[in-house]
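Work the whole structure out from these sequences, hints included.
Residue numbers (the UniProt record's numbering), protein chains in the order written: chain A, 1 to 505; chain B, 1 to 505.
The hints are simulated quantities; they were obtained by calculation from the structure and are not laboratory data. Don't take each hint at face value.
As the list claims (entries may be wrong) - Output of the computed footprint for chain A on chain B, the stretches with three or more beta carbons under 8 angstroms from beta carbons of chain A:
| hint | region |
| --- | --- |
| 1 | 8-21 |
| 2 | 32-43 |
| 3 | 49-61 |
| 4 | 226-234 |
| 5 | 243-250 |
It should be emphasised that the depicted structure is a prediction, and the values quoted were computed from it without experimental measurement. Every residue, glycine too, gets a C-beta built ideally from N, C-alpha and C.
2 protein chains.
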Amino acid sequence: MDAPTAYARLKTRFARLTHLEDAAGMLHWDLSTVMPEGGADARAAQLATLRAVSHDLLTAPEVGALLDGAERDEATALDPWDRANLDAMRRQWRHATVLSADLVEAHSRACSACEMAWRGARAGDDFAAVRDKLATVLSLTREIAAAKAEALGRSPYDALLDQYEPDGREAEIEAVFDDLAADLPGLLDDALAAQGREPALVRPAGPFPVERQRALVRHLMERIGFDFRHGRLDESLHPFCGGVPDDVRITTRYDEADFSGALMGVLHETGHALYERGLPAAWRDQPVGRALGMSVHESQSLLMEMQACRSRAFLTFAAPVMADKLGAAPDAPGWDADSLYRLNTRVEPGLIRVDADEVTYPAHVILRFRLERALLSGDLALDDLPGAWRDGMRDLLGVAVPDDRTGCLQDIHWYDGAIGYFPTYTLGAMTAAQLFQAAVTAVPDVPEALARGDFAPLLGWLRTHVHGLGQSVTAREMLTRATGRPLDAAVFKAHLRRRYVDRAG
Amino acid sequence: MDAPTAYARLKTRFARLTHLEDAAGMLHWDLSTVMPEGGADARAAQLATLRAVSHDLLTAPEVGALLDGAERDEATALDPWDRANLDAMRRQWRHATVLSADLVEAHSRACSACEMAWRGARAGDDFAAVRDKLATVLSLTREIAAAKAEALGRSPYDALLDQYEPDGREAEIEAVFDDLAADLPGLLDDALAAQGREPALVRPAGPFPVERQRALVRHLMERIGFDFRHGRLDESLHPFCGGVPDDVRITTRYDEADFSGALMGVLHETGHALYERGLPAAWRDQPVGRALGMSVHESQSLLMEMQACRSRAFLTFAAPVMADKLGAAPDAPGWDADSLYRLNTRVEPGLIRVDADEVTYPAHVILRFRLERALLSGDLALDDLPGAWRDGMRDLLGVAVPDDRTGCLQDIHWYDGAIGYFPTYTLGAMTAAQLFQAAVTAVPDVPEALARGDFAPLLGWLRTHVHGLGQSVTAREMLTRATGRPLDAAVFKAHLRRRYVDRAG
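See the structure below:
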C-alpha cells in the first residue's frame, strides 16, 4: 500500500477536527437546553479542552508542511471539490496560526471581562462602566486585524470579516448598504403611509397554550421539510439552530400571549436547519462540506421566514391551519389570511434591533457596520460612540434614542469581541431576496405551491443551487451562478416596496 | 518561573483526558435519551474521534518518560493523594499501551461482529449462529489477557478483571463466592418456606400514570439527597447513570401497570449518582478523583436500593408517600407498609439474571464467574457452554433451562467482549451489606432515620468513608478501613437470612 499523500493525510486530520467541532456543537446545545445550572463549570472545562485539542491538531507543525506539499504537488490534479477543500483547509489553518498564543489569550480574556462588565453596564445604562474594557477589546482587535490583514493580503476590516464571511469585502458591502440606505427613509415613509390607510388590525385573541403552539410549529416544520428523524425542536432562552447536519437541533421559546414570535422564530430556524441538512452528504466531515458563511446561512433562514412564510401566499394556506392547531374557530376575528398577513408584516421604527421588522432592520445593521469600521480605523473615538449612535438612529430611522441601554449598549457583539459580524444579517436579507426571486423565475410554480403549503419546489431549487454546494464555491460565485448577478440591493428594495408599499407580496 | 515538573505535566495531560472522557459521557447520555435515530452515524464518528484523540494523548511517547521521571524523582515527596494519582495514571497508561494497535483493532472488530450476530442468535435461540464469532472474541481476549498479565504481573483473568476492578483478585473472589454458594441453596429453601407461610400478597391496583410515577420518583430522589441543580432524571430504554459528577444524569423507563420497577430502578441509579456527586471535588479532573471501580460503584447503588430502600424501615416511611403521589387512598388494599415490603422482597428463582431478586441474583453471577474463567483458561470448550449453563442453573438454583435464549445467550457481556465484569455485581452486593452494617454500627440512628425518610446520617457516613476517597485507596483498603475487615460473605449472608427468612430487615 502506498503511503497516503499529503492531501489524504490532511483529510484525515480535518475529519477529526470536524468531529471535535460537532461534539462541541452538541455540548453547546445541551448547555442551552437541558443542562442543570450546576453543570456549568464542568461543561466549560469540556468545551475548553475540545477547543485546545482542536487548536493543537490544526496548528501542529506538520500541518503547514502538509498544506505546502499538497498545494505544490497535488493541487493541479485535484478535482474542483478537493481543490476547494484544500483552500478551505488553508484558510482555517491561516486564521488559527497567524496569531501568537499570547494575543489569542489576551483577546479571549479581554472579551470575557468586557462581556461581564457589559451585563452590568447595560442594566445600569452606564456606558462609562464598560468603556475602558471595550477600549482594550478594540485595541486587541486592531492587533488581530493587522496580523490577519497581512497574512491574507486584505484590509484590517476585511480580515475580521473573513472570520464570519469568507472572502467578504467591505467595499462591496459599503456599496450595497449605501444604495439601500439611500432608499430606506422614503420606503419607510411610504410603508407607514400604506399601513396607515389600512383599517385597524385585529389580533387573534389568546391565550395560546404552549402545547398547542408546539403542535402547530412542529406541524409547519414538517410541512416545510424538517425531518424529525434527523433533528429536534426544543426550548431555550435564546432561540438558535445547533447540532450537526444529520442531527439538527433548533430551539424556540413560547409566549402564551403571542404565538407569532415562536412561530416565525421556528420557521426562521427551520431555514437554517434545512441548509445544514442539505449540505453535501459526501463531504460531511470535510471543510468543503460545511456551510458557506454567515450571510449565506442567514439568507436561508430569512428566505424561509421573510420571503416564504410571511408572504400572502403562504399565510393564505397557513391561516386555517393556525386557527385549527391553536383551537380557534377559523372565522373568529383576526384569523383570516389578510389579518395574519398584516400582523406578520407590521412596520414600526424602534430602538431595538432584535425586535425590528423587515423594513427597519437594515438601518440597525447599516448603523453598526458604519460605526464598527470607524471604531476600528480610529475615525470614531470610543467616547463619541454613544453620540454617534444617537445621530445615526435619528438620521436612518428618525427615532430619538433616550439612553445607552437602548442605544449602543443593546447588543452583546462588540463587547464580546465580534467585530465584522453585523453586516452578515443584512447581506443575508438581500441574498435571500435575490435567491427567492431566482427560484421563482426558474420554477414559476413556487408561489402557488407555497399557497398550497407545498415547499418541495422551493426546497428542491435551494438544494441544488445553494445547500448542496457546501464551500465548493465562494458566496459570491454561488449567488452569481444562481441568480445571474452579484449581490445587488435592487431586488431586496423591490421586495420591500412590493410587500410594504403595494402590500402585494 | 520554573518549568513544570514531570508530574505537573502529567496532571495537565490527564485533566484533558478527563474532560474528553466527560464530553464522551455526555454524548452517550444524549445518544441514549434524546438523539433522533438519524443522528447515529454522526454520533458514532464523534465518539470514535474522542476515543482516538484520547488514545493518542495517553499513549504519546513522552507520557512513558514523564511517568518514569515522576516515579523516579518525585514520588517519594508526593503526598498520598498525589502518589495515588500517579499510580492511577500509570495503571491507565499501562492498559492503553500494553496492547498493539493491531490487537486492539482486531478485538474491537471481533466484538462488534459478535455482538451483531448475538442479537440474531438470541432472538432465534441459535447458539451455533454465534459460536464461531464468540470463539474469535475469546481467542483475542486470551491474547489481551496474556499481554496484560505479563505487564501487570497477574494471572490472565486478574489482568482482565483489573480493567473493571482495579487490583481485584480472582482467588479472593473465588473464596467469598464459594462461601456464599455453599449457603445459597439452604437459604433459598428457607426463604421460600418463610414466604409460603405468609398470606397471599395483595398488589396495589394500577394503572399508574407516568406523570404520577415521575413525580413520585423525583420526590424520593430529592429526599435521598439527589440535587437537581447538579443532575437530571430522564427516560431511556436501558436505565443507567451517566453524565459527570457535577451533572449526573440518571434514566429510567416507566410501566403504567407496575410502578415498582421504575421506582426501585431510580433509587438504584440514585445510589450511583450520589457516589459520583460525592467524589472529591478538589480532584475532579484527575484519575484519583474518579470512582474506585465497578464493584464499589455497584455497592453504592445496591446499598441505596437493597439495604436502604427495600428495608422495612424505609418502606414504612414511603408507603403513604407512594399512595399519595400515585393517587391511591392510603388504606386501599396493597398500600400498607407490610404489603409493599413483601412486594419489594419477593423471592422467585428464575432464568433471567436482570429479573432476579436479591437472594437468587448471586447464583446467576457465580455461575457466570465460574464459566468465564473456565472458558478463558480453556477448561471449558465453547461447544460445552450451553450444557454447562444448564447444569449450573440446576445445581445453583434448581431451575431447568429450556433453551439457550434464556440460557447462555441472555446477556450481551461476553458477546461484546466483557469478560471479567460479571463478578462486580455480587462483589457490589456483598460490599453494600458490609458497608451498611458498618454505617449502622457507627451511626446507630441510621435505621430510625430511614424510617423517617431521612437519609442524611447514612449519606454523611458514606461521603466520609466511601465517596470522598475517590481512588486515593484501593477498594480493599477502603472496605477494610470502613468496616474493620476485608470482604467477607458473612455479613451479606446474615442480611439475606434476616430479611428473607426472619422477614425482619
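A quick look at each hint next to the structure:
no., hint, verdict
1, 8-21, "holds (count 4)"
2, 32-43, "holds (count 9)"
3, 49-61, "holds (count 5)"
4, 226-234, "holds (count 6)"
5, 243-250, "holds (count 5)"
Hint violations for this structure: none, all hints satisfied.
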